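Asks: These are the residues of each chain, in order.
There are 2 protein chains.
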Amino acid sequence: MTEAPGQFSPAFRDELANLMRWRRDVRRFRTTPIAPDLVARCLTAFASAPSVGLSEPWRLVQVETPAARQACLANYQDSNAKGLASQSGEKAQLYSQLKLSGMAEAPLHLAVFCDDSTPKGSGLGAASMPETRAYSVVGAVTLFWLALRAEGLGLGWVSILDPDRLARDLAVPHHWRFIGYLCIGWPEEEDMVPELERCGWETRAETLHLDLR
Amino acid sequence: MTEAPGQFSPAFRDELANLMRWRRDVRRFRTTPIAPDLVARCLTAFASAPSVGLSEPWRLVQVETPAARQACLANYQDSNAKGLASQSGEKAQLYSQLKLSGMAEAPLHLAVFCDDSTPKGSGLGAASMPETRAYSVVGAVTLFWLALRAEGLGLGWVSILDPDRLARDLAVPHHWRFIGYLCIGWPEEEDMVPELERCGWETRAETLHLDLR
Chain U
0 MTEAPGQFSP AFRDELANLM RWRRDVRRFR TTPIAPDLVA RCLTAFASAP SVGLSEPWRL
60 VQVETPAARQ ACLANYQDSN AKGLASQSGE KAQLYSQLKL SGMAEAPLHL AVFCDDSTPK
120 GSGLGAASMP ETRAYSVVGA VTLFWLALRA EGLGLGWVSI LDPDRLARDL AVPHHWRFIG
180 YLCIGWPEEE DMVPELERCG WETRAETLHL DLR
Chain S
0 MTEAPGQFSP AFRDELANLM RWRRDVRRFR TTPIAPDLVA RCLTAFASAP SVGLSEPWRL
60 VQVETPAARQ ACLANYQDSN AKGLASQSGE KAQLYSQLKL SGMAEAPLHL AVFCDDSTPK
120 GSGLGAASMP ETRAYSVVGA VTLFWLALRA EGLGLGWVSI LDPDRLARDL AVPHHWRFIG
180 YLCIGWPEEE DMVPELERCG WETRAETLHL DLR
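Chains U and S, in that order, are what the protein sequence lines are. Residue 74 in numbering that gives the first Met the number 0 is what sits at position 75 of the first sequence, and the numbering runs on without skipping anything. Residue 177 in numbering that gives the first Met the number 0 is what sits at position 178 of the second sequence, and the numbering runs on without skipping anything.
Chain U on its own, in the form it takes in the complex:
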């Protein structure tokens, strides 16, 4: 498979497409711990992630103590109750049956933030669109997600949370913006089809929306 440096083979490209197809947002985890060196290897994906102006604004918080985990779980439960209340009819009934986070089972929890005040990069590329710093963090998480999946590990991105409350509960600096809460562990099952599609919540689009100007 190895080609000239920076060159990639058709076989590799096929496997890359397979990896993308097998990547899921996982909410059903086994409680088996993950070896620390395996996590460390996957975290190296952050070092090669793109970032606006080379600002590297990602800040990770590993949520470990029972008190911190409980605060985040309570946040999710309250936000999820509001999410359910905003649905009606059949959709509300279906929503109530969805498992939307693996926070109770996943062995590794990472809260991800963006440092909007970082001097790194000297603001290059973020003057007219400061939100690109947050986008840089999302891109880095996406690479990390693929690295985990290539090891057989699952990631579930929880966004049903009150971001201000989460930042307060974890006592992070006030200029950090909450991006997402990542549950990580060995998945109970593998599937090519998103769980939201399997349970009838939504289907994937058949075509890409591409206009011409």
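Please keep in mind that the hints were generated in silico from the structure rather than gathered at the bench. Hints may contain errors.
Since copy identity is lost for identical chains, a pair holds within one copy or between any two.
[Stated by the list, open to error] Here are the simulated lysine to aspartate or glutamate pairs, DMTMM-like style, with alpha carbons at most 20 Å apart:
| no. | residue 1 | residue 2 |
| --- | --- | --- |
| 1 | Lys90 | Glu194 |
| 2 | Lys98 | Asp77 |
| 3 | Lys81 | Asp36 |
| 4 | Lys98 | Asp163 |
| 5 | Lys119 | Asp210 |
| 6 | Lys119 | Glu205 |
| 7 | Lys98 | Glu205 |
| 8 | Lys98 | Glu201 |
| 9 | Lys119 | Glu89 |
| 10 | Lys98 | Asp190 |
| 11 | Lys119 | Glu201 |
| 12 | Lys90 | Asp77 |
| 13 | Lys119 | Glu196 |
| 14 | Lys119 | Glu194 |
| 15 | Lys98 | Glu187 |
Bear in mind that the values here come from a model prediction, so they are computed numbers and not experimental data.
Position chain S against the provided structure of chain U, taking the given hints into account.
Replies: This is chain S only, laid out in the frame that chain U set:
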């Protein structure tokens, strides 16, 4: 290399890490056109991208006509002049020498938007954090970026733009939020080191910022 479905080999994981290390934000393109079927193959990465509630809010606009390209280029030039004005001293001098977009040379231009009003996904996961729809678009672009790079193609993400002016100039629906302008083409050169690092603007961090709670 092929393993059981959804299983990936150590050799594949090494190549995946290589791909991430060789991914650059490219601003120096050859003008050679890209075969349409190659672009189409890379665009399939969007179909396997994660999205909040399976909302798939990405909307792509291929910027093709000279008038549309000129409007986007003028937007960049004005925004870049402001970016330069915000720097001072040595940093201003260095900024003026940076090549920050390949808009004049790249054969393929894609303006990427997020449809914040899509009914798809029924708002699941986006009630307390509506910005997660934009984050879904960024994740999809990140997968597309890797798919392009695996084919030897480069992508340059231009964010030095006035997003409202760009949306007006491209006459997109008013509920579309501008995410980024992607220049795509065959790169003039390959490198493991970001151009901003090579030219002395910024260096990459040696360690990942990871706190414990």
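Asks: It remains to establish, for every hint, whether it holds in the given structure.
Replies: Status of each hint after checking the structure:
| no. | hint | verdict |
| --- | --- | --- |
| 1 | Lys90 <-> Glu194 | within (15 Å within a copy, 49 Å between copies) |
| 2 | Lys98 <-> Asp77 | within (15 Å within a copy, 48 Å between copies) |
| 3 | Lys81 <-> Asp36 | neither (38 Å within a copy, 45 Å between copies) |
| 4 | Lys98 <-> Asp163 | neither (24 Å within a copy, 38 Å between copies) |
| 5 | Lys119 <-> Asp210 | between (36 Å within a copy, 19 Å between copies) |
| 6 | Lys119 <-> Glu205 | between (41 Å within a copy, 13 Å between copies) |
| 7 | Lys98 <-> Glu205 | neither (25 Å within a copy, 38 Å between copies) |
| 8 | Lys98 <-> Glu201 | within (15 Å within a copy, 43 Å between copies) |
| 9 | Lys119 <-> Glu89 | between (49 Å within a copy, 16 Å between copies) |
| 10 | Lys98 <-> Asp190 | within (16 Å within a copy, 44 Å between copies) |
| 11 | Lys119 <-> Glu201 | between (40 Å within a copy, 7 Å between copies) |
| 12 | Lys90 <-> Asp77 | within (19 Å within a copy, 47 Å between copies) |
| 13 | Lys119 <-> Glu196 | between (41 Å within a copy, 12 Å between copies) |
| 14 | Lys119 <-> Glu194 | between (39 Å within a copy, 15 Å between copies) |
| 15 | Lys98 <-> Glu187 | within (13 Å within a copy, 48 Å between copies) |
In this structure, the hints that do not hold are numbers 3, 4 and 7, in rising order.
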